[in-house]
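There are 2 protein chains.
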Amino acid sequence: MFELRKVYIVGIGFTKVGRHFDKGLKDLFAEAAWKAIEDAGNVKVQALVVGNETSSSLQDQDNLGAYLAYYCGLGKIPAWKAEAACGSGGAAFLTGYALVASGLYDVVMVGGVEKLTDARTQDTTWALAKAAEAEYEAFYGLSFTSLNALFMKYYMDKYGVTRDEMSEWAVLMHENASMNPYAQLRFKVTREYVNKSRVIAYPLRLLDASPISDGASALVLASEDVAKKLTDTPILVAGVGAATDDIYIASRDRLDMLIATVLASKDAYKMAKLEPSNIDVVEVHDAFSILGVLDLEDLGFAEKGKAAKLLAEGAFRPGDKPTVNPSGGLKARGHPVGATGVYQIAEIAMQLRGDFPGIKVDGAEVGLAQSIGGAGTFISVVILKR
Amino acid sequence: MFELRKVYIVGIGFTKVGRHFDKGLKDLFAEAAWKAIEDAGNVKVQALVVGNETSSSLQDQDNLGAYLAYYCGLGKIPAWKAEAACGSGGAAFLTGYALVASGLYDVVMVGGVEKLTDARTQDTTWALAKAAEAEYEAFYGLSFTSLNALFMKYYMDKYGVTRDEMSEWAVLMHENASMNPYAQLRFKVTREYVNKSRVIAYPLRLLDASPISDGASALVLASEDVAKKLTDTPILVAGVGAATDDIYIASRDRLDMLIATVLASKDAYKMAKLEPSNIDVVEVHDAFSILGVLDLEDLGFAEKGKAAKLLAEGAFRPGDKPTVNPSGGLKARGHPVGATGVYQIAEIAMQLRGDFPGIKVDGAEVGLAQSIGGAGTFISVVILKR
Numbered sequence: 025m026f027e028l029r030k031v032y033i034v035g036i037g038f039t040k041v042g043r044h045f046d047k048g049l050k051d052l053f054a055e056a057a058w059k060a061i062e063d064a065g066n067v068k069v070q071a072l073v074v075g076n077e078t079s080s081s082l083q084d085q086d087n088l089g090a091y092l093a094y095y096c097g098l099g100k101i102p103a104w105k106a107e108a109a110c111g112s113g114g115a116a117f118l119t120g121y122a123l124v125a126s127g128l129y130d131v132v133m134v135g136g137v138e139k140l141t142d143a144r145t146q147d148t149t150w151a152l153a154k155a156a157e158a159e160y161e162a163f164y165g166l167s168f169t170s171l172n173a174l175f176m177k178y179y180m181d182k183y184g185v186t187r188d189e190m191s192e193w194a195v196l197m198h199e200n201a202s203m204n205p206y207a208q209l210r211f212k213v214t215r216e217y218v219n220k221s222r223v224i225a226y227p228l229r230l231l232d233a234s235p236i237s238d239g240a241s242a243l244v245l246a247s248e249d250v251a252k253k254l255t256d257t258p259i260l261v262a263g264v265g266a267a268t269d270d271i272y273i274a275s276r277d278r279l280d281m282l283i284a285t286v287l288a289s290k291d292a293y294k295m296a297k298l299e300p301s302n303i304d305v306v307e308v309h310d311a312f313s314i315l316g317v318l319d320l321e322d323l324g325f326a327e328k329g330k331a332a333k334l335l336a337e338g339a340f341r342p343g344d345k346p347t348v349n350p351s352g353g354l355k356a357r358g359h360p361v362g363a364t365g366v367y368q369i370a371e372i373a374m375q376l377r378g379d380f381p382g383i384k385v386d387g388a389e390v391g392l393a394q395s396i397g398g399a400g401t402f403i404s405v406v407i408l409k410r
Numbered sequence: 025m026f027e028l029r030k031v032y033i034v035g036i037g038f039t040k041v042g043r044h045f046d047k048g049l050k051d052l053f054a055e056a057a058w059k060a061i062e063d064a065g066n067v068k069v070q071a072l073v074v075g076n077e078t079s080s081s082l083q084d085q086d087n088l089g090a091y092l093a094y095y096c097g098l099g100k101i102p103a104w105k106a107e108a109a110c111g112s113g114g115a116a117f118l119t120g121y122a123l124v125a126s127g128l129y130d131v132v133m134v135g136g137v138e139k140l141t142d143a144r145t146q147d148t149t150w151a152l153a154k155a156a157e158a159e160y161e162a163f164y165g166l167s168f169t170s171l172n173a174l175f176m177k178y179y180m181d182k183y184g185v186t187r188d189e190m191s192e193w194a195v196l197m198h199e200n201a202s203m204n205p206y207a208q209l210r211f212k213v214t215r216e217y218v219n220k221s222r223v224i225a226y227p228l229r230l231l232d233a234s235p236i237s238d239g240a241s242a243l244v245l246a247s248e249d250v251a252k253k254l255t256d257t258p259i260l261v262a263g264v265g266a267a268t269d270d271i272y273i274a275s276r277d278r279l280d281m282l283i284a285t286v287l288a289s290k291d292a293y294k295m296a297k298l299e300p301s302n303i304d305v306v307e308v309h310d311a312f313s314i315l316g317v318l319d320l321e322d323l324g325f326a327e328k329g330k331a332a333k334l335l336a337e338g339a340f341r342p343g344d345k346p347t348v349n350p351s352g353g354l355k356a357r358g359h360p361v362g363a364t365g366v367y368q369i370a371e372i373a374m375q376l377r378g379d380f381p382g383i384k385v386d387g388a389e390v391g392l393a394q395s396i397g398g399a400g401t402f403i404s405v406v407i408l409k410r
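Residue numbers (the working numbering), protein chains in the order written: chain A, 25 to 410; chain B, 25 to 410.
Extracted from the complex, chain A is given alone in its bound form:
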């Protein structure tokens, strides 16, 4: 295999996740971008790739790369947007990674921004539904809530998983988020509370779902030479992978797994020369609790059908290997969709640097972030190493 030029994360910045009624896209992104630049020793960024899903629908703003480069005062640098629905942050990261690994640029900013809370609920739901198949799914009123309810029903029936066991996902995520200063949902919940929350699309309940969020996140990536000059704690991008699956889910072979996670992680593990057993900490894409459960299985941390049960028995807690979503995950940290994939990578990098502001995974050497666009339609996996 061709030896890739090494790429490091040298700067990290993000906003609090939540309802930012006082801030627009550009305000949110500027905060994240300049925090990341400051964290990277005020380095000059040579290019920007930004992930976003809904700015075209909700803010009527395209050309988002140039828009943000201008308003954030980054100069007349190359800048464009990467889009893969809620996996846009992962797609932006892959793009920025390749821009540095290729040698085209030495310092690239990868970011994500999303502003969902200002719109009417039906507009936000519709904007997000555009990630599904427009003619055969979204047109008939299918939303991501109903798609994930389908996954959940099928999984619970096939593997005999109880409501009580599924609820443990939310319990753990809220507990982790309660320690995370920038998380959106910082309250703890009990199994009973989750079990009795409102049914959104049977069997999926309100507490199985991530909130609607605003937020922005940014990373500065650099080549080895530059990275070692800028920081004592550069974090190596050890492996990356991505894959897609049939966007029209009726055509898929299986509904109890996201095959794109398996394919993407296979590539990332191979490139990093690592296995699931090497991973100390993960941030997985749990827009709904069922996705978190599938993710752990598809990434190789549990046998198929076993993750929810293991979780209910007490696995995947802080200190376990892997520790799962110490941020609180999409479920409780929040899910500013196009920014989420970049938040996850930032969180893993901070765990490895030892400066994550919430639950710390002591001595973590290797971490993994997984991002999903659509109903498992686009998936990226990034493995980082201290």
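If a hint is listed, it holds; no wrong ones were tucked in.
Note: identical chains are not told apart, hence a pair may lie in one copy or across any two.
Below, in silico cross-link-like pairs of lysine to aspartate or glutamate (EDC-like), each with a Cα-Cα straight-line distance of 16 Å or less:
| id | residue 1 | residue 2 |
| --- | --- | --- |
| 1 | Lys47 | Glu159 |
| 2 | Lys40 | Asp51 |
| 3 | Lys100 | Asp277 |
| 4 | Lys100 | Asp291 |
| 5 | Lys333 | Asp188 |
| 6 | Lys345 | Glu389 |
| 7 | Lys182 | Asp277 |
| 8 | Lys294 | Glu27 |
| 9 | Lys345 | Asp386 |
| 10 | Lys328 | Asp280 |
| 11 | Lys182 | Asp280 |
| 12 | Lys333 | Glu189 |
| 13 | Lys333 | Asp280 |
Simulated from the structure, these hints should not be mistaken for lab results.
Fit chain B to the given chain A structure using the hints.
Then chain B, alone, in the frame of chain A:
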């Protein structure tokens, strides 16, 4: 400078540009994609990056990379969208170039697709206007026609350029397009016809504008090893560059040049170790005739203020160095916005291979393609070598 891994164009495919009332996004892209794959000796593509501007607005379809990979039967490969307004094709190319140059993949498809003609005119105009600044420009009714009228008025006044001289752009483009079997506007026009065409936004007339188009285009990029196995005529990507400018044009220093063209081409020339005088053939982004004129100056083919006059005196014709837009340009080949940047690169590559189906530039060794997103807001420049 770090030595970049060489990247070659090994496969080219596109549809006729025009009104495809019988074809959707997926049908158009499948035609282009499979022509490109066939042209590349039926190679297996490892990843897809697709440029598009308006599918979110006009087809309610996001997650376009995965959508097209699925419907075109490309397999569960990594796939996402790159967006930089009408420069999206250029952004997709830069992404795909970096994916191969980095060594992450050996064979990557870069494509573009746009479907504009099915929508109501006001919807298309609005979808395209999202490339401008949403709050300070588009909100007040500014469209790309009015923005370009502003550029045109300023340029004509400042440099004393006549209506007759400006009209020569359309005359040449329609003449070139008349020889191009896949062009949208294959009729010739006279200066008088252009001069008397309807005023759209003074001083811009209907014949100064490119048409509303559907179309799809695809390229297969490959590493050196793979390229030399697949084809006897691999085309080297010798130089790439990109830059942005203030999206809010009221804040720009100058309106008689697109500074992003200057910056992007400087990088591309430097990487290719070439100068404007080395370029045999160019495809420039002439969504409006004024842009074509500015492009030639900003790329270094004419002094500032002189390109329209040189053109009217007979320069830039087939056989001249450089030959300008032998395809007919956006003006007459057509402008399926997110696909246009990929069409241009495909056209230059075919000129260098010697199999362009329209006007051939005999013995061309080096060519350049320039793509614009917004009002000169994102610009990419790609230099190809035989």
